[in-house]
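Novice: Please model the complete structure; the sequences and the hints are all you need to start from.
Going by my numbering, the first residue of the sequence shown is number 29, and it counts up by one from there.
Treat the hints as calculated values from the structure; they're not laboratory data. Computed from a prediction, not measured in an experiment: that's the story for all the values here.
Pair by pair, the computed Cβ-Cβ distance ranges are: (1) F416 x H279: 35 to 43 Å; (2) S373 x P436: 12 to 20 Å; (3) S340 x S428: 33 to 41 Å; (4) G126 x L389: 55 to 63 Å; (5) Q258 x K166: 37 to 45 Å; (6) E304 x L389: 26 to 34 Å; (7) D185 x L389: 29 to 37 Å; (8) T263 x D337: 26 to 34 Å; (9) T384 x N299: 32 to 40 Å; (10) Q349 x T263: 35 to 43 Å; (11) C125 x P427: 53 to 61 Å; (12) S340 x K166: 41 to 49 Å; (13) S257 x Q349: 40 to 48 Å; (14) S340 x W362: 21 to 29 Å.
Glycine included, C-beta positions come from ideal geometry on N, C-alpha and C.
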Amino acid sequence: MTPSKSLREDRSAFPSPRTAGKPATGSSGAANGAVPRVAGPPSPRTKKGKPAQYDRFIPNRSDKELASSQFNIARSDTEQPLDGATIAYHEEVARACGVSINKRILSFKEEAPTSDRDDLRQVYSRPALKSSASTTAKRRILNTPERVLDAPGLVDDYYLNLLDWSLGNTLAIGLDQSVYLWNASSGDVNSLCQLEGDSYVCSVKWTTDGSYLAIGTCDGDVQIWDAESQSRIRTMTGHQARVGVMSWERHMLSSGCRDGSIWNHDVRIANHKTAELIAHSGEVCGLTWRSDGALLASGGNDNLVNIWDARSAVPKFTKTQHTAAVKALAWSPWQLNLLASGGGSHDRHVHFWNTTTTARLDSIDTGSQVTSIQWSNEYRELVTSHGFPHNHLALWSYPSLAKIVDIPAHDTRVLHTAISPDGQTVATAASDESLKFWRIFETRTKSGKATKNGMLAAAAATAGAGSGLLRGVPSSGAGSGSGASSASDISHPAHFR
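Specialist: Written out as structure tokens, the structure reads:
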């Protein structure tokens with residue numbers, strides 16, 4: 029027997045997996061001495077009467093197989109009864125770990141109350157208790173001023189800034205050549221200074237703490253006065269024209285001039301001028317520092333709004349959307365990077381800017397010359413004052429920019445506004461030589477009742493003789509064409525926090 033023949037015979041003695049289970053073909057195999065092939069058990073994938081046909085890499089996913097698999101999975105999830113030894117072992121492990129065997133170790137929320145604690149039908153059928161603080165409350169805004177004072181000698185000039193209210197509750201107003209201080213708590217009036225010659229007051233601005241008052245003159249001088257001693261501390265010269273607007277940032281005073289320049293003065297040192305900012309080609313009439321001192325906003329008679337970084341003498345960016353002089357500038361007290369700017373008679377728009385992205389967020393067409401903007405600290409609102417043609421105050425909601433109320437304020441254009449330290453009262457001064465006080469942002473307590481305005485409650489009617497002295501006028505006879513007391517009721521959240 030040759031080796032190759034013996035090898036073939038040995039191979040035929042052991043069936044391969046491919047031929048296992050197949051019947052022998054013919055009787056020649058037995059005659060040759062081959063072992064007969066025995067058919068194995070049928071495969072579960074083999075249908076009755078037909079051999080399975082499938083690829084070895086792709087399983088057969090027939091309906092019958094899926095149903096069988098799902099049944100097996102469901103059966104494996106059911107709890108199987110445990111014998112006594114296993115139960116005793118589980119209890120021993122739970123006792124060693126300090127946990128209850130019948131309680132889950134981790135859970136996403138507290139368990140629902142059981143029936144022995146509270147009947148849920150009784151709990152949820154109880155009448156609701158009345159809350160001590162209503163979520164919404166009506167705010168009453170009077171259309172007539174709370175108080176009216178005479179302001180004879182007020183210069184009728186859109187580009188000047190002659191009114192400011194200090195943290196110490198003292199109102200400063202420039203009347204021609206004089207500056208008067210009115211204490212809103214006591215009602216006392218004092219004449220702070222009288223300029224000499226033909227000079228007149230162009231701007232006034234209190235320091236943040238209300239201790240000192242800066243006065244800009246038509247000669248280009250900036251004077252610093254101590255309010256308590258009523259004495260002049262120093263005079264800073266250098267501007268070539270009148271100083272119509274100023275803004276404080278701690279010890280730094282910025283002043284805007286008619287020639288378009290802005291100077292930064294450090295009032296602590298002799299050489300006070302620390303920087304000169306040149307970007308406006310017209311008179312600078314709007315100027316305000318942001319509360320954190322990082323940015324300075326300026327507006328001018330060249331219709332531009334410039335935003336300055338405190339560390340640079342070049343504008344961070346410039347906005348040219350206004351078509352008239354920009355005097356009204358105000359930073360939002362509750363959103364640091366939000367700036368509102370208002371244009372003059374040929375523009376009449378208020379634009380809102382994101383000073384981080386430099387984008388214009390929205391705009392309002394007010395229909396009148398915009399002279400000032402005041403944000404509320406209590407509500408998401410702002411009030412704008414206007415000149416020709418309506419001479420009124422307008423209260424707006426933000427960010428919807430829906431008009432809440434119009435208040436007919438003066439017979440002539442409203443030139444200046446200032447807000448009280450408590451944020452409730454807005455003072456307005458107009459070319460009709462009157463000074464009026466409006467309670468617009470009334471603060472409410474948690475009970476929903478309005479708090480009494482402490483800024484004006486203690487002020488007695490002031491009277492006196494002489495030119496330029498503030499004199500009290502009954503509010504019932506004031507207003508523009510409306511002697512009767514009227515009000516607007518609006519619903520707002522009691523507090524903005």
